[in-house]
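A.B. asks: Sequence:
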Amino acid sequence: MLFKVEMVVKLPTDMPQAQQDELKKTERELAQKLQASGKWRHLWRVVGQYANVSIFDVDSAEELHQLLTSLPLFPHMEMQVTALCRHPSSIREADL
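Using the numbering used here, the first residue of the sequence shown is number 257, and each one after it goes up by one.
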């Protein structure tokens, strides 16, 4: 199942820089691991924002929920999740 997830990160302004840096490092490592596994298929930065648009390829909505809530920055994110399906005019057979 494909899902588009829009994430906006809103770290507390009083969070110490060292804590921010550690959270971001841990988040990056997990995101790269999930990308390598194929679960996090695409990741794009939104220009001018601390935000991204991502495409996830998971077996279920429950799997996506568990994956998203495991992200270190999850407590500081606003997310919008949209389920996707293949468009009949698409020439990309792999996007099921």
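These aren't lab readings, by the way, just hints derived from the structure by calculation.
None of the values given here were measured: they were computed from a predicted structure.
All residues carry an ideal CB built from backbone N, CA and C; glycine is no exception.
Honestly, I wouldn't trust all of these hints.
[To be verified] Across the chosen pairs, the derived CB separations fall in these ranges:
(1) Ile347 - Lys281: 14 to 22 Å
(2) Asp270 - Leu340: 14 to 22 Å
(3) Leu286 - Glu334: 15 to 23 Å
[As the list claims (entries may be wrong)] Heads up, simulated DSS-like pairs for lysine-lysine below, C-alpha to C-alpha not over 27 Å straight-line:
(4) Lys289 - Lys260
(5) Lys280 - Lys266
(6) Lys281 - Lys266
(7) Lys295 - Lys280
(8) Lys295 - Lys266
(9) Lys260 - Lys281
(10) Lys295 - Lys260
(11) Lys295 - Lys281
(12) Lys289 - Lys266
(13) Lys260 - Lys280
A.B. asks: Mind listing which of the numbered hints don't hold for this structure, in increasing order?
C.D. replies: 1, 2
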